[in-house]
Amino acid sequence: MEMQKKTPKPARGLNGEHGQVWQAYIFLAPAFVIAAIFFVAAIVFALYMSFNHVNMISQQFEFSGLKNYVDVFKDDVAMTALKNTALFSLIVVPSQTIIALLIAYALSTRGIKGKKLFRLVYFLPTLTSSAALTLIFMFIFNITGPLNNFLISMGLYQHPINFLQNPAYSLKVIMVMNIWSTVPNYMTVYLASLVDLPESFYEAAEIDGASAWQKLRYITVPYLRPITTYVLLTGIIGTFQMFDQAYIFSNGSGGPDNSTLTIALMVYQYAFGSMNTMGYACALAVVLTIIIFVVSRLTEKLNGSNGLR
Amino acid sequence: MVEIKLDHIYKKYKGNEKYSVTDFNMDIPDEEFVVFVGPSGCGKTTTLRMVAGLETITKGDLYMNGQVVNKVQPKDRDIAMVFQNYALYPNMTVADNMGFGLKIRKTPRNEIKKRVTDAAQILGLSDYLERKPGALSGGQRQRVALGRAIVRDASLFLLDEPLSNLDAKLRVDMRTKIAQLHQRLQTNMIYVTHDQVEAMTMADRIVIMNDGKVQQIGTPDDLYNKPANQFVAGFIGSPSMNFFDVHLHDNRVSNEKGFDVEVPEGRLKILREQGYLDKDVTLGMRPEDIHTEQVALETFPNAVVNAQVVVSEFLGTDSNLYSKTGDTEFVAQVNARDFHKPGENVQMAFEMSKAHFFDKESGATIE
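Protein chains in written order, with my numbering: chain R, 33 to 341; chain U, 757 to 1123.
Be aware that a few hints might be false.
Stated by the list, open to error - Derived BS3-like pairs (lysine-lysine); straight-line CA-CA distance at most 25 Å:
| hint | chain 1 | residue 1 | chain 2 | residue 2 |
| --- | --- | --- | --- | --- |
| 1 | U | 1080 | U | 1035 |
| 2 | U | 768 | U | 862 |
| 3 | U | 770 | R | 145 |
| 4 | R | 247 | U | 869 |
| 5 | U | 862 | R | 247 |
| 6 | U | 1116 | U | 1035 |
| 7 | U | 869 | U | 888 |
| 8 | U | 1110 | U | 1025 |
| 9 | R | 145 | U | 827 |
| 10 | R | 247 | U | 1116 |
| 11 | R | 145 | U | 815 |
| 12 | U | 969 | U | 827 |
| 13 | U | 862 | U | 831 |
| 14 | U | 869 | R | 148 |
| 15 | U | 770 | R | 147 |
| 16 | U | 1080 | U | 1013 |
| 17 | U | 761 | U | 774 |
| 18 | R | 145 | U | 774 |
| 19 | R | 247 | U | 815 |
| 20 | U | 831 | U | 774 |
| 21 | U | 1035 | U | 1013 |
| 22 | U | 1035 | U | 982 |
| 23 | U | 831 | U | 969 |
| 24 | R | 145 | U | 768 |
| 25 | R | 147 | U | 768 |
| 26 | R | 115 | R | 247 |
| 27 | R | 333 | U | 888 |
| 28 | U | 888 | R | 247 |
| 29 | R | 247 | U | 827 |
| 30 | U | 869 | U | 933 |
| 31 | U | 768 | U | 859 |
What the hints assert, rightly or not - Across the chosen pairs, the derived CB separations fall in these ranges:
| hint | chain 1 | residue 1 | chain 2 | residue 2 | range |
| --- | --- | --- | --- | --- | --- |
| 32 | R | 229 | U | 787 | 33 to 39 Å |
| 33 | U | 874 | R | 156 | 53 to 59 Å |
| 34 | U | 787 | R | 335 | 43 to 49 Å |
Claimed, not checked - Only part of the chain U face toward chain R is listed, based on derived beta-carbon distances under 7 Å:
| hint | residue |
| --- | --- |
| 35 | 810 |
| 36 | 830 |
| 37 | 831 |
| 38 | 837 |
| 39 | 847 |
| 40 | 856 |
I should point out that these hints are in silico values taken from the structure, not numbers from a laboratory. Ideal Cβ placement from N, Cα and C applies to all residues, glycine included.
Chain U with its partners taken away, still in its complex shape:
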């Protein structure tokens, strides 16, 4: 069990002018499942590797249980790590791979065997213990990598994009397995991914990063409903949030491409107080907050646009309607019952009470 504090951590690689990680600041209490998420090259893996001790920290301090561990060797940090490519030792059997860390730490042989057997049972690997990694499928290798971490009984689990090499179905299965594992082990986990669905479904808290900087730290609900800025709003959610460059005037937002809707009084008040009246802002609408049902058209009569469906995707329970009003393009996620074919003209209601507004220059949420 360990409490971790990343205190204004920076990382700059030799030869680079720019910092790869800038001012990473976070407290991770015991037993928390934290997910670092962001696009490729945003610094999430670098941060994880600094926590592991595989990268040096350029500036700032990393604390574990109140002790600065910047110079502590990875083996002395009581951590277990799952690598993106699994890093299974090819010459060793599954059992030897899983028990290697314990063998190095001179754990008695019968204890190693017991722990490996237990972990194999949890992960459904009991029949594969004598196989070499080369004879396993991707999913099985991934489970061996997890097993190697489990048997160590470490205080902190670090998982670096562990599911990115698996197919979609297996990824969903393993996601559940890892979540169950966290509940069972009751230990800290830091999980790195570029997949926002993994982040949203598994995390207690998400750290969303871009360009080496932390954009927001919060629960999945926070990030989804109260994004700190346009980047977070656009990164979290699938399909992504729609953004409209609009001008706020009177009680409406509009652009020159045929988009024009009314802003409800509550939201308008905030915008007015913040001095955005008669200024350009960015309007953000989640696809599921754009409706085609009759009841919605009647409920939000002042935010209805005449749109034409360009591409439609039927997803079973929902349909994604890639549409445009005038020259403004957006996507609406509607009930599958309201499926519309490409080319159809459809009235769509924007649920403006759920709209997000962002500063056009800085991208910060206006609240």
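The shape of chain R in the complex, shown without the other chains:
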């Protein structure tokens, strides 16, 4: 008896023509819902609060229009915090990017021995918690700490410098600390990308007569441009939002003399401090967001890459 063949039916549902697209939406949905509730809603609420005088104790909202925003630009302390944050970002972001790139380039050099050991040593700071790291640096930079002892023993100066309490130095100490702790992460990102850089590019450049510096300048740096965009953007966002190190360093005050006061720290003080000024804190946070957005876009443009596509 002859078996009758079944006519194939078109697949439907998740196995159908657009099944893969639907699967993707299903995977994306939970994260999207969580983000919508906890981030988008929070942002919208913060935006709402920034136009209000908010009393968190009595839970009263009083519409105040743009007053909070005007106050931000009239507030000398806010301007100091903005200046500190901008300076911090201006120094830290290029430094961490260049140092991470140079270390990654050196570590990817052909024929270098002990690569794994170097990578391990350079990556170790990433494993240290921010709080522990700040305490270690505060110990090192203390007036009686090892750095002062070392510099005095070298005869560089007679009296110890109060790095932690002198407004001229305190922000710089946090900068060093931040660079030291972020470089390993970015170095790893650069290294991962350099693995894909074909050796023949360097060989072609060698035959063309390029020196190590020229190879870095003409081959490595342009090749890593999309990664550099990523490093710069995350660096800018990270430095403008810098909070924990400044908080621990100054015990939450932003001192000495507001020299370590960053916008994020100020937002914290105004939102959860004794001043009960949540509306003003939200306005500060919105201003910070706008600044980060503008600076990030500018950097992306200046870096000349096609972004993170």
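Add chain U to chain R, keeping to what the hints say.
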């Protein structure tokens, strides 16, 4: 212009027990087009890279114009190289890619522009000078890689399988282009390929390598007609030479699988003198030396076998007949007029005056 001497060169990579290149010995006079050919992993690219200075030489000396250059940096060897993957700098335009070497050497800008424009014209790239490599086809990228080498005006061109990523038609076009380029530039070229057709069509001399060792150095004609050993005989020619394990007795060679032909007196004399009578040897026959025409059957009546066609390939001018006589398989390349369908029984004449004989143990040609 440069004369190159590879003097007993060896290469062993760290961690390897075996040498990747063993006792490479060769003189390359000025203006010669030399092709290194061999199967993958035979050491041809390693040798090229040692000439370029991209690999260290484990043992032996490399001379350029009489000077040992083992320790000389690649940039100081006055060489230009085309890489298998082209190695075009992705962030630079075609013009910048081609002019990069000159820029590094601080050549004046107008001179760079002139040389790049000239090279682009030769290679048909004038319309693409402002494009980035990512916006070019494989063939165009390949030409940019060649252009980058041309503008340098180097004494020695090294080409590492430059056509292997191109399709068949483009490969033939570029083959001609590179040959023309060599005639125009009148400079030394060392060209690495695994494609014996490229080697045969382009080379002044071919170096055929296997397992790190040079098998034979010679003109394409030498390699084809006077192969030094069974490997060379089998590697050069398409379809490959047929090999038959046979026993030489009286004036015939035969095997137990139904193959039996007479050896002409001239060849027999050599075999006899070399002590191969009543011994096993390997007979090599090129497919085009096996005929089906009536005139050949009448000319070589003592070397005719009754064969059956198993697979036949019609190639336009020729036909390849994959056949067997008894249990012995072989391929004959005959005129397309003599096309035979699979399953047909055909008489085939072996032109034994063109036969090659190899020592069964060593594979060396018996001559």
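- Message: Need the status of pair residue 247 of chain R, residue 869 of chain U: alpha-carbon distance at most 25 Å?
- Response: holds (22 Å)
- Query: Are the Cα atoms of residue 869 of chain U and residue 888 of chain U separated by 25 Å or less?
  - Reply: holds (17 Å)
- Query: If you draw a straight line from the CA of residue 831 of chain U to the CA of residue 774 of chain U, is it 25 Å or shorter?
  - Reply: Answer violated: residue 831 of chain U to residue 774 of chain U is near 30 Å, above 25 Å.
- Query: If you draw a straight line from the CA of residue 115 of chain R to the CA of residue 247 of chain R, is it 25 Å or shorter?
  - Reply: violated (37 Å)
- Query: Holds or violated: residue 768 of chain U with residue 859 of chain U, Cα cutoff 25 Å?
  - Reply: Outside the cut-off at roughly 35 Å; violated.
- Query: Given the proposed pairing of residue 888 of chain U with residue 247 of chain R, does the C-alpha separation stay at or below 25 Å?
  - Reply: holds (19 Å)
- Restraint check for residue 333 of chain R with residue 888 of chain U, where alpha carbons must lie at most 25 Å apart: holds (20 Å)
- Message: For residue 770 of chain U and residue 145 of chain R, compute the direct alpha-carbon distance and say whether it is at most 25 Å.
- Response: Holds, at about 13 Å.
- Message: Between the alpha carbons of residue 1116 of chain U and residue 1035 of chain U, is the straight-line distance 25 Å or under?
- Response: holds (9 Å)
- Query: Regarding the hint that residue 831 of chain U lies at the interface with chain R, is the smallest CB-CB distance below 7 Å?
  - Reply: Nearest chain R Cβ about 4 Å off; hint holds.
- Message: Does the closest beta carbon of chain R sit nearer than 7 Å to the beta carbon of residue 830 of chain U?
- Response: This hint holds: residue 830 of chain U lies near chain R, its Cβ roughly 5 Å from the closest one there, short of 7 Å.
- Task: For the pair supplied as a hint, residue 761 of chain U and residue 774 of chain U, confirm whether the alpha-carbon distance does not exceed 25 Å.
- Result: Holds: residue 761 of chain U and residue 774 of chain U sit about 24 Å apart, inside 25 Å.
Checked against the numbered hints listed earlier, the structure breaks hints 2, 10, 14, 19, 20, 23, 26 and 31; every other hint is satisfied.
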